[in-house]
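*Asks:* Here is what each chain is made of, one letter per residue.
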Amino acid sequence: MTTHPSTSSGHVQEDKVVFGFWVYLMSDCVLFAGLFATYAVLQNATFGGPSIAELVSVPFVLTETMILLTSSFTVGLALLAAHRHSGTTTLRVGYGAGKKYLVLTLLAVTLLLGLAFLGMELKEFSHLLAEGNGPSRSAFLSSFFTLIGTHGLHVFFGSLWMLILMAHIVIKGLNPGTVRKLTMVSLFWHFLDIIWIFIFTIVYLMGALAL
Amino acid sequence: MFGKLTPDAFIHGPVETGAQLIVVVGALVVIGLLFYTKSWGWLYRNWLTSVDHKKIGVMYLVLSFVMLMRGAMDALMMRAQQVVAVGDSAGYLSPDHYSQIFTAHGVIMIFFVAMPFMFGLINLIVPLQIGSRDVAYPFLNSMSLWLTVAGAMLMNLSLVAGEFAAVGWLAYPPLSELQFSPGVGVDYYIWALQIAGVGTLLSGINFLVTIIKMRAPGMWLMRMPIFVWTVLGSMLLVIFAFPILTATLGLLSLDRIFGMHFFTTDLGGSAMMYVNLIWAWGHPEVYILILPAFGIFSEIVPVFSQKKLFGYTSMVVATLLIVILSFVVWVHHFFTMGAGANVNAFFGIMTMVIAIPTGVKVFNWLFTMFRGRIVFATPMLWFMGFLTTFILGGMTGVLMAIPGADFQLHNSLFLVAHFHNMIIGGVLFGFFAGFVYWFPKIFGFTLNERLGKWAFWNWIVGFLLAFIPLYALGLMGMTRRLSQVDPIFQPLLIVAAVGACVIALGMFFQILQLIVSVLQRKKNIAGPDPWPGPAGGGRTLEWATSSPPPHYNFASIPRVHGRDAFWVLKEANGPVKEGKTWPERRSSALEAAHERTHIEMPKYTPVGFIVAGCAFLSGFGIVWHIWWLALLGLVAIAIILIARSFESEIEYTIAV
Ligand code: HEM
Ligand SMILES: [Cu+2]
Numbered sequence: 001m002t003t004h005p006s007t008s009s010g011h012v013q014e015d016k017v018v019f020g021f022w023v024y025l026m027s028d029c030v031l032f033a034g035l036f037a038t039y040a041v042l043q044n045a046t047f048g049g050p051s052i053a054e055l056v057s058v059p060f061v062l063t064e065t066m067i068l069l070t071s072s073f074t075v076g077l078a079l080l081a082a083h084r085h086s087g088t089t090t091l092r093v094g095y096g097a098g099k100k101y102l103v104l105t106l107l108a109v110t111l112l113l114g115l116a117f118l119g120m121e122l123k124e125f126s127h128l129l130a131e132g133n134g135p136s137r138s139a140f141l142s143s144f145f146t147l148i149g150t151h152g153l154h155v156f157f158g159s160l161w162m163l164i165l166m167a168h169i170v171i172k173g174l175n176p177g178t179v180r181k182l183t184m185v186s187l188f189w190h191f192l193d194i195i196w197i198f199i200f201t202i203v204y205l206m207g208a209l210a211l
Numbered sequence: 001m002f003g004k005l006t007p008d009a010f011i012h013g014p015v016e017t018g019a020q021l022i023v024v025v026g027a028l029v030v031i032g033l034l035f036y037t038k039s040w041g042w043l044y045r046n047w048l049t050s051v052d053h054k055k056i057g058v059m060y061l062v063l064s065f066v067m068l069m070r071g072a073m074d075a076l077m078m079r080a081q082q083v084v085a086v087g088d089s090a091g092y093l094s095p096d097h098y099s100q101i102f103t104a105h106g107v108i109m110i111f112f113v114a115m116p117f118m119f120g121l122i123n124l125i126v127p128l129q130i131g132s133r134d135v136a137y138p139f140l141n142s143m144s145l146w147l148t149v150a151g152a153m154l155m156n157l158s159l160v161a162g163e164f165a166a167v168g169w170l171a172y173p174p175l176s177e178l179q180f181s182p183g184v185g186v187d188y189y190i191w192a193l194q195i196a197g198v199g200t201l202l203s204g205i206n207f208l209v210t211i212i213k214m215r216a217p218g219m220w221l222m223r224m225p226i227f228v229w230t231v232l233g234s235m236l237l238v239i240f241a242f243p244i245l246t247a248t249l250g251l252l253s254l255d256r257i258f259g260m261h262f263f264t265t266d267l268g269g270s271a272m273m274y275v276n277l278i279w280a281w282g283h284p285e286v287y288i289l290i291l292p293a294f295g296i297f298s299e300i301v302p303v304f305s306q307k308k309l310f311g312y313t314s315m316v317v318a319t320l321l322i323v324i325l326s327f328v329v330w331v332h333h334f335f336t337m338g339a340g341a342n343v344n345a346f347f348g349i350m351t352m353v354i355a356i357p358t359g360v361k362v363f364n365w366l367f368t369m370f371r372g373r374i375v376f377a378t379p380m381l382w383f384m385g386f387l388t389t390f391i392l393g394g395m396t397g398v399l400m401a402i403p404g405a406d407f408q409l410h411n412s413l414f415l416v417a418h419f420h421n422m423i424i425g426g427v428l429f430g431f432f433a434g435f436v437y438w439f440p441k442i443f444g445f446t447l448n449e450r451l452g453k454w455a456f457w458n459w460i461v462g463f464l465l466a467f468i469p470l471y472a473l474g475l476m477g478m479t480r481r482l483s484q485v486d487p488i489f490q491p492l493l494i495v496a497a498v499g500a501c502v503i504a505l506g507m508f509f510q511i512l513q514l515i516v517s518v519l520q521r522k523k524n525i526a527g528p529d530p531w532p533g534p535a536g537g538g539r540t541l542e543w544a545t546s547s548p549p550p551h552y553n554f555a556s557i558p559r560v561h562g563r564d565a566f567w568v569l570k571e572a573n574g575p576v577k578e579g580k581t582w583p584e585r586r587s588s589a590l591e592a593a594h595e596r597t598h599i600e601m602p603k604y605t606p607v608g609f610i611v612a613g614c615a616f617l618s619g620f621g622i623v624w625h626i627w628w629l630a631l632l633g634l635v636a637i638a639i640i641l642i643a644r645s646f647e648s649e650i651e652y653t654i655a656v
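Quick mapping for you: the protein sequence lines, in order, are chains F and L. Going by UniProt numbering, the letters in the first sequence line up with residues 1 to 211, in that order. Going by UniProt numbering, the letters in the second sequence line up with residues 1 to 656, in that order.
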């Protein structure tokens with residue numbers, strides 16, 4: 001197996017792109033902060049409609065959470081597999097073919113888990129809609145749907161991105177470019193996980209306890 | 001098929017039809033000229049596809065100047081209306097049209113004049129000042145520009161098809177909700193700002209990373225020019241404030257499109273939540289604009305006082321303090337909300353506290369001038385104008401920071417006078433100063449000084465005439481946004497209208513200055529370091545390269561040995577004395593300090609332009625509920641960006 005330490009200019013490039021992506025994630029964090037604040041303000045504005053306590057099913061949401069956490073674990077494994085390099089601790093990149101399929105498999109598992117999560121979320125939403133508790137029912141439901149829907153939309157785009165990344169890896173194999181992309185996808189995925197933990201705690205758990 | 005878009009959308013009253021004609025004829029003239037001079041290829045190859053930060057900067061400036069004309073036109077129309085619509089007379093504008101005009105004026109001036117002006121100057125100068133060849137993400141930079149242009153064009157399109165919002169520049173609900181604004185105006189507002197806002201956010205990230213990661217070797221943080229520091233602060237604010245704007249406008253559009261209830265009057269919505277959210281973005285926004293202006297003055301004052309800047313460290317600290325404090329003052333925009341005495345007291349005191357770092361800056365500039373050999377060139381004149389008007393505006397600002405006083409002055413013309421003081425006297429004068437100061441660097445010839453002085457004097461006199469009376473009118477009890485006024489206000493409104501005309505004269509001289517200077521460019525060739533001083537006045541790295549700089553900026557990346565990096569290089573070459581000009585010294589000092597590498601530059605690409613075009617179509621689709629168009633635009637953007645991610649050769653190398 002051959003290894004190529006990245007050239008100095010390539011390294012700077014990697015540094016810059018991943019750092020910029022971090023900064024983007026910070027700004028996305030602010031976006032969610034705004035939505036959380038909105039939710040906190042409107043939480044009790046049920047206006048005759050159902051309150052969060054009446055809507056939560058903790059086992060269902062816990063399943064969603066476990067699925068998402070597992071997917072975070074698998075994407076982490078994928079990144080580790082891509083970075084694993086015999087004999088050094090630095091994050092250099094190996095190009096072995098076996099490793100490529102391992103990474104692809106782990107990404108596929110992550111993707112499936114992501115889609116399962118989205119499926120469950122859609123089920124929850126359609127259930128609410130069918131009962132007449134759509135986002136236009138009350139200010140509380142507007143903020144509920146928007147906060148969780150925005151997270152779901154992020155998961156959707158993350159899944160799309162993961163699919164494209166897999167195509168990149170199939171075509172080009174593992175190289176500094178694709179590994180950089182993998183790093184960013186996994187950062188994004190972990191970020192969504194953290195946001196979800198906040199949603200799980202603030203929206204669902206605290207909502208259920210209020211009953 | 002076309003959603004809400006029907007032929008009726010194009011039929012307006014006489015005044016609106018005039019505006020419609022101006023837009024259509026203007027567009028036709030530009031297109032015609034491009035055909036006549038066979039310039040399409042040139043336009044495409046050199047500009048639309050460019051990822052060169054200097055060209056992108058110039059295009060931002062062009063956008064800003066064009067929109068300034070429109071914003072000023074709106075201002076003149078408002079001033080004229082308030083002179084004639086007195087007592088029983090209704091004036092020449094209907095109340096609805098008048099409301100559209102002040103909304104459009106505010107939106108244009110902030111988002112499509114001040115912001116692009118700022119990003120134009122940042123693009124032009126920051127990479128040069130930090131000794132870099134380009135920004136961190138050149139392609140993203142081009143996309144940011146074109147998204148901003150797309151937003152501006154969507155806004156201009158509202159003159160032709162449909163109407164614009166009539167709800168004030170921040171579109172407070174419930175007025176901006178579907179119930180009270182059923183037309184497409186608010187939707188134009190939302191989507192013009194959303195599209196431009198994405199561009200701004202991307203630029204914010206881009207320049208933050210550029211400043212953090214791309215500085216020349218030896219340029220430590222505490223050696224950066226103050227302009228770079230202030231841009232860093234401003235970009236931090238962009239990154240932390242613009243997502244709030246995106247979220248807030250997003251929620252408003254969910255209300256309008258999907259019938260949700262965030263800010264509605266019924267089913268639990270809270271309009272005051274919108275006001276809180278929008279000002280949590282809005283107050284940082286004013287510092288986003290003013291910080292780079294502070295930075296520009298911090299470059300200009302030392303050069304034209306021929307002394308190094310007084311209190312560099314305190315400038316940096318003041319900048320960072322302003323960045324932090326600007327997030328904890330937003331409630332001063334609505335003390336009247338009724339949040340209670342303690343909340344109001346907190347925000348009132350924080351507002352006064354933020355005046356302290358600002359005061360520090362003013363004293364630093366004054367001490368820089370103290371015992372300097374001041375050259376009163378036009379950039380310095382703009383600075384002096386800034387100093388007087390900005391201090392006046394600052395005083396009235398601190399006055400309104402007292403909640404009790406603000407209860408009287410809120411929503412009055414006193415407030416309008418205050419913020420124009422800050423935003424014309426502060427932001428705009430700062431950017432004008434920067435424009436005159438850096439113009440020779442970018443274009444290679446100097447601007448005509450005499451016409452520049454004429455422009456300045458008209459602006460400052462016109463400004464005082466147009467806005468000082470508004471303080472008095474505000475104290476007399478005149479509220480803002482009135483399409484019809486009481487006769488007792490008329491005399492002062494006439495003075496204000498005269499002032500607006502004098503400002504217009506100032507703008508005329510600016511245009512004349514540009515034309516004359518372009519015609520005389522052969523006579524006014526600027527060297528690399530054109531401003532006066534022994535061995536040239538330039539102190540920072542942008543003056544170390546030629547004017548205009550080559551597209552790779554520096555043949556070899558300079559090494560930095562101290563603050564005022566270029567000045568240090570000059571002094572390294574023996575004491576700087578009167579009489580010797582820089583170009584002779586340049587070769588030895590610069591070349592010795594240089595390090596030669598091969599030059600890798602990004603390739604030009606039309607992708608940014610095309611993506612923004614799709615965003616424009618998508619925005620138009622959403623405004624008119626033409627859903628297939630909206631979706632088509634979004635899908636096209638996704639496909640284009642995915643396709644680009646598979647492209648590998650995005651750079652080329654210049655051998656040295
Ligand atoms: C060129 C000279 C200018 C003149 C003569 C002018 C005049 C005016 C007038 C008459 C109004 C309406 C006041 C009212 O509501 O009664 C106004 C509002 C406003 N102006 Fe200007 N203005 C000028 C430049 C600017 C600039 C450069 C900016 C910002 C960069 C700006 C930002 C605003 C904003 C945000 C509003 C509030 C709009 C609203 O009420 O929603 N103006 N201006
Ligand atoms: Cu403020």
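Keep in mind that the hints are not guaranteed to be accurate.
Distance condition first, Cα-Cα at most 30 Å in a straight line; then the derived DSSO-like pairs of lysine-lysine [claimed, not checked]:
no. : chain 1 : residue 1 : chain 2 : residue 2
1   : F       : K181      : L       : K603
2   : L       : K213      : F       : K16
3   : F       : K123      : F       : K16
Ranges between beta-carbon positions, derived for each pair [as the list claims (entries may be wrong)]:
no. : chain 1 : residue 1 : chain 2 : residue 2 : range
4   : F       : K172      : L       : I391      : 57 to 63 Å
5   : F       : S126      : L       : I640      : 56 to 62 Å
6   : F       : I202      : L       : R371      : 46 to 52 Å
7   : L       : A341      : F       : S126      : 47 to 53 Å
8   : L       : L514      : F       : L122      : 16 to 22 Å
Think of the hints as simulated: they come from the structure by calculation, not from any bench. Built from N, CA and C at the ideal position, the CB exists for glycine as well.
*Asks:* Each hint: holds or not?
*Replies:* Results of checking the hints against the structure:
| no. | hint | result |
| --- | --- | --- |
| 1 | F/K181 - L/K603 | 21 Å, holds |
| 2 | L/K213 - F/K16 | 7 Å, holds |
| 3 | F/K123 - F/K16 | 40 Å, violated |
| 4 | F/K172 - L/I391: 57 to 63 Å | 60 Å, holds |
| 5 | F/S126 - L/I640: 56 to 62 Å | 32 Å, violated |
| 6 | F/I202 - L/R371: 46 to 52 Å | 59 Å, violated |
| 7 | L/A341 - F/S126: 47 to 53 Å | 48 Å, holds |
| 8 | L/L514 - F/L122: 16 to 22 Å | 57 Å, violated |
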